[in-house]
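Given next are the chains, with one letter for each unit.
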Amino acid sequence: MNFDILIPLLAATVLSGTPVLYATLGEIITEKSGVLNLGVEGVMMVGAFSAFFVAAATGSPWLAFVAAGVVGMLAVSLHGVVCLWFQGNQVVSGLALTLLGSGLANYLGTPYVGTKAPGFSAVALPGLSRIPALGEIFFNHDPLVYLSYLLPPILWFFFHRTGIGLGLRAVGENPAAARAAGLNVQRLRWIGILVGGFFMGLGGACLSLAYTHLWTSSLSGGRGWIAVALVIFAFWRPGRAVFGAWLFGGVMALQLRLQASGAQVSSSLLLMLPYALTVIVLVFSSAWRKSDAAPAALGVNVEPGE
Amino acid sequence: MQLQILKRTRRISFQGAVAVFVSAILLSLFFSGVLLSLGGTPPLAGFTTLFQGGFGSRWALEDSVLKAIPIFLCSLGVAVAFRLKVWNIGAEGQYALGAIGATGVAIAFPDWPSWAVLPLMALSAACAGGIWGLIPALLRQKMHTNEIIVTLMFNYIAVYLLQYLVLGVWRDPNSHGFAVSATFSDAAIIGPLSGATSIHWGLVHCIVLGILLLLFFRYTRIGYEIRAAGENMNAARYAGIRVDFLVCLVIAISGGLAGWAGFVEVSATVNQLQPAMLVGYGYTAIVVAWLARLNPAGIAVASFLLAGLRVGVESLQLDLQVPADFGDILEGSILLMVLAAGLFLEYRIVRKGRT
Chain A
21 MNFDILIPLL AATVLSGTPV LYATLGEIIT EKSGVLNLGV EGVMMVGAFS
71 AFFVAAATGS PWLAFVAAGV VGMLAVSLHG VVCLWFQGNQ VVSGLALTLL
121 GSGLANYLGT PYVGTKAPGF SAVALPGLSR IPALGEIFFN HDPLVYLSYL
171 LPPILWFFFH RTGIGLGLRA VGENPAAARA AGLNVQRLRW IGILVGGFFM
221 GLGGACLSLA YTHLWTSSLS GGRGWIAVAL VIFAFWRPGR AVFGAWLFGG
271 VMALQLRLQA SGAQVSSSLL LMLPYALTVI VLVFSSAWRK SDAAPAALGV
321 NVEPGE
Chain B
0 MQLQILKRTR RISFQGAVAV FVSAILLSLF FSGVLLSLGG TPPLAGFTTL
50 FQGGFGSRWA LEDSVLKAIP IFLCSLGVAV AFRLKVWNIG AEGQYALGAI
100 GATGVAIAFP DWPSWAVLPL MALSAACAGG IWGLIPALLR QKMHTNEIIV
150 TLMFNYIAVY LLQYLVLGVW RDPNSHGFAV SATFSDAAII GPLSGATSIH
200 WGLVHCIVLG ILLLLFFRYT RIGYEIRAAG ENMNAARYAG IRVDFLVCLV
250 IAISGGLAGW AGFVEVSATV NQLQPAMLVG YGYTAIVVAW LARLNPAGIA
300 VASFLLAGLR VGVESLQLDL QVPADFGDIL EGSILLMVLA AGLFLEYRIV
350 RKGRT
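Residue numbers (the working numbering), protein chains in the order written: chain A, 21 to 326; chain B, 0 to 354.
Note that these hints are calculated values from the structure, not bench results. Be aware that one or more of the hints could be misleading.
[As the list claims (entries may be wrong)] Computed beta-carbon distance windows for the label pairs:
{"#": "1", "chain 1": "B", "residue 1": "Glu230", "chain 2": "A", "residue 2": "Ala313", "range": "37 to 45 Å"}
{"#": "2", "chain 1": "A", "residue 1": "Gln206", "chain 2": "B", "residue 2": "Phe216", "range": "33 to 41 Å"}
{"#": "3", "chain 1": "A", "residue 1": "Pro173", "chain 2": "B", "residue 2": "Leu25", "range": "25 to 33 Å"}
{"#": "4", "chain 1": "B", "residue 1": "Phe216", "chain 2": "A", "residue 2": "Ser80", "range": "55 to 63 Å"}
{"#": "5", "chain 1": "A", "residue 1": "Thr182", "chain 2": "B", "residue 2": "Glu345", "range": "32 to 40 Å"}
{"#": "6", "chain 1": "A", "residue 1": "Leu167", "chain 2": "B", "residue 2": "Leu213", "range": "51 to 59 Å"}
{"#": "7", "chain 1": "A", "residue 1": "Phe177", "chain 2": "B", "residue 2": "Ala234", "range": "37 to 45 Å"}
{"#": "8", "chain 1": "B", "residue 1": "Phe216", "chain 2": "A", "residue 2": "Ser238", "range": "21 to 29 Å"}
[What the hints assert, rightly or not] Chain B residues, not near chain A, derived (Cβ > 10 Å throughout):
{"#": "9", "residue": "Arg9"}
{"#": "10", "residue": "Arg10"}
{"#": "11", "residue": "Gly15"}
{"#": "12", "residue": "Phe54"}
{"#": "13", "residue": "Gln162"}
{"#": "14", "residue": "His199"}
{"#": "15", "residue": "Val207"}
{"#": "16", "residue": "Leu212"}
{"#": "17", "residue": "Phe215"}
{"#": "18", "residue": "Tyr218"}
{"#": "19", "residue": "Ala235"}
{"#": "20", "residue": "Asp243"}
{"#": "21", "residue": "Ser332"}
[As the list claims (entries may be wrong)] Which bits of chain B does chain A cover? Going by a derived footprint, with three or more residues having C-beta under 8 Å, they are:
{"#": "22", "stretch": "28-36"}
{"#": "23", "stretch": "119-128"}
{"#": "24", "stretch": "134-144"}
{"#": "25", "stretch": "292-304"}
Beta carbons are placed, not taken as given, at the ideal position from N, Cα and C, and that holds for glycine.
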């Protein structure tokens with residue numbers, strides 16, 4: 021394979037990994053607080069649709085981007101109400117959120133299928149984009165990609181150096197001890213859910229505003245679930261999530277290229293690739309570190325009045 | 000006035016539980032009604048069409064029963080796994096594998112008589128679905144992978160596997176380019192109960208399998224062990240119950256039932272393998288299992304109700320041009336409301352100071 025093919029492929033890798041990266045980071049934040057949110061797929065879908073809708077209505081992609089985050093927060097607040105207030109089962113509530121979110125986005129989006137909306141386009145970073153090879157791969161993208169480069173260090177700082185971030189982790193590890201230490205468990209879990217949902221919504225916005233620029237039914241196509249898997253692959257660390265997301269971006273980009281090149285492989289098998297890879301990656305990372313990297317209280321509700 | 004949440008000391012009465020569920024479902028219908036009017040459909044007319052279409056005529060009721068058959072079987076499987084807190088989200092994929100397994104037999108033996116080919120199709124379907132469930136279970140027990148994600152990924156893989164087969168080796172040469180397998184021989188088709196109805200023998204499969212499962216849980220040692228381990232897995236382990244084995248067994252049964260559903264559907268309803276038969280029964284089955292609190296009799300009722308909603312959504316689509324995705328919204332919001340309503344079954348809310 022020569023560089024003329026390889027470099028655009030790697031650039032496409034970063035581009036198609038970015039929506040999954042936002043969603044994975046969102047799920048990491050939520051899970052760190054001890055709440056399992058399996059609704060990522062649904063939240064990404066409503067995020068993608070609201071971004072598309074706002075961009076089409078106002079013409080402003082940045083407004084649309086923020087709107088997707090806010091709608092993502094609204095969507096996950098359902099999960100918060102069911103699990104934090106009403107003690108519902110977190111696994112099943114997340115599934116319900118996926119059903120509801122995907123259904124809602126497809127339902128409201130029906131009149132828009134196949135239409136376009138203004139979105140982000142590539143902006144070459146002055147200077148950096150001139151670096152041979154690397155410039156083309158990393159610094160000739162839309163602003164949402166650049167923003168995603170900044171997130172892992174910011175999140176690292178948040179989890180290790182800020183009071184809220186440390187409190188969030190404490191609540192995820194041992195809610196009873198955190199409460200004894202004077203932390204407000206419910207409030208910190210709400211923060212984990214809402215901030216996480218904001219990022220999941222942004223992930224959806226990346227899909228409709230930067231990746232496709234047009235609305236189709238079931239736009240997310242399982243990326244939300246892949247994000248849930250990547251959290252485990254990343255051992256709940258934002259930095260590792262970047263590599264996970266790009267790995268998947270790479271497979272998706274490669275699969276599209278192979279289909280377009282008319283390779284002698286069935287398209288069904290190519291489409292299967294990202295999901296099969298998710299399973300393989302999950303098996304290896306789980307066998308390697310077992311489950312000790314997970315927040316100890318993940319998925320466990322805190323009883324009222326406790 | 001301050002409120003306090005207290006754990007119930009006595010179990011809620013049956014009437015109380017029904018009242019809680021009915022109000023949860025009414026609330027979610029209200030929410031979906033708001034969405035209907037947002038989409039430009041008058042909610043009252045919408046719900047009339049929905050319920051008339053799902054339950055309002057003999058034809059509608061028969062169609063609801065027909066759709067309830069695969070949902071019931073999948074949901075029975077989901078409930079078996081959920082009992083042991085094994086989160087098998089893969090009913091959709093196991094159902095697809097069942098359909099593939101049954102089709103393989105039907106295509107391989109086109110001249111066999113019914114009494115030979117149908118049992119073999121059922122066996123092959125149940126095995127295919129069971130193995131599709133067993134792989135994630137083995138990965139969970141041996142490699143500590145999360146079965147929720149693996150079973151879900153297996154759904155996507157199964158969809159593309161089915162597509163691959165009907166686009167490739169099993170494609171009917173006379174299909175004019177459509178991705179479908181050859182139509183089954185008459186012997187490989189499960190027929191209707193009588194000439195007067197469209198309801199087929201799959202209903203009898205449901206009843207028999209449901210009763211067998213009930214007997215298995217109530218009267219066998221393994222069934223008892225599964226119930227005990229579902230209550231408290233660690234305690235069961237200390238008591239010498241082979242939990243690892245039970246997890247694998249339970250998910251094999253679960254996948255087998257979903258596979259059986261795939262067999263019934265492909266044989267009785269579609270008569271050939273085609274991607275359009277994957278309409279999300281496996282996901283509806285999860286909603287049904289949770290609505291019924293994993294109870295088999297409840298699953299029978301809930302699968303009929305949700306099947307009716309699916310049929311009703313079809314007439315909404317035909318008569319009022321409401322997108323079919325409205326069905327997902329209905330199911331998702333019903334599930335969320337019922338989850339939230341669960342609080343009132345476990346806890347009671349009182350004014351502070353009283354107990």
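These are the hints, each one checked on the structure:
1. The given range of 37 to 45 Å is broken by B/Glu230 and A/Ala313, whose C-beta atoms sit roughly 29 Å from each other.
2. For A/Gln206 and B/Phe216, the hinted distance range of 33 to 41 Å is satisfied, since their beta carbons lie about 38 Å from each other.
3. At roughly 49 Å, the beta-carbon separation of A/Pro173 and B/Leu25 lies outside the given 25 to 33 Å, and the hint is violated.
4. Range check, B/Phe216 to A/Ser80: about 58 Å between beta-carbon atoms, so the 55 to 63 Å window is met.
5. Checked against the given bound of 32 to 40 Å, the beta carbons of A/Thr182 and B/Glu345, roughly 36 Å apart, stay inside it.
6. Taken as a hint, the range 51 to 59 Å holds for the pair A/Leu167 and B/Leu213, whose Cβ atoms sit roughly 56 Å apart.
7. Checked against the given bound of 37 to 45 Å, the beta carbons of A/Phe177 and B/Ala234, roughly 43 Å apart, stay inside it.
8. In this structure, B/Phe216 and A/Ser238 break the distance hint of 21 to 29 Å, their C-beta atoms being roughly 37 Å apart.
9. Every CB of chain A lies more than 10 Å from the CB of B/Arg9, the least distance being 18 Å, so the non-interface label holds.
10. The non-interface label for B/Arg10 is consistent with chain A: the shortest C-beta to C-beta separation is roughly 17 Å, beyond 10 Å.
11. With a least CB separation of 16 Å from chain A, B/Gly15 remains clear of the 10 Å interface cut-off, as annotated.
12. At roughly 22 Å from the closest C-beta of chain A, the C-beta of B/Phe54 stays outside 10 Å, upholding its exclusion from the interface.
13. At roughly 4 Å, the least C-beta separation between B/Gln162 and chain A is not larger than 10 Å, which violates its mark as non-interface.
14. Against the 10 Å criterion, B/His199 stays outside the reach of chain A, whose nearest CB is about 28 Å from its own CB.
15. Separation of B/Val207 from chain A is adequate, the least Cβ-Cβ distance of about 29 Å exceeding the 10 Å criterion.
16. A cut-off of 10 Å between C-beta atoms confirms that B/Leu212 is not in contact with chain A; the least separation is 21 Å.
17. With a cut of 10 Å on Cβ distances, B/Phe215 stays outside the contact zone with chain A, its closest approach being about 25 Å.
18. At roughly 29 Å from the closest C-beta of chain A, the C-beta of B/Tyr218 stays outside 10 Å, upholding its exclusion from the interface.
19. B/Ala235, annotated as away from the interface, keeps every beta carbon of chain A farther than 10 Å; the closest lies near 19 Å.
20. Distance check on B/Asp243: its Cβ is at least 15 Å (rounded) from any Cβ of chain A, clearing the 10 Å threshold; non-interface status holds.
21. At roughly 6 Å from the closest C-beta of chain A, the C-beta of B/Ser332 falls inside 10 Å, breaking its exclusion from the interface.
22. Counting residues of the stretch 28-36 of chain B whose beta carbon lies closer than 8 Å to any beta carbon of chain A gives 1, which falls short of the minimum of three for the stated coverage.
23. With 0 residues bearing a CB less than 8 Å from a CB of chain A, the stretch 119-128 of chain B misses the requirement of three and the coverage assertion fails.
24. Counting residues of the stretch 134-144 of chain B whose C-beta lies closer than 8 Å to any C-beta of chain A gives 4; at least three are required, and the coverage claim holds.
25. Counting residues of the stretch 292-304 of chain B whose C-beta sits closer than 8 Å to any C-beta of chain A gives 0, which falls short of three, so the coverage hint is violated.
In the structure shown, a violation is registered for the earlier hints numbered 1, 3, 8, 13, 21, 22, 23 and 25, in ascending order.
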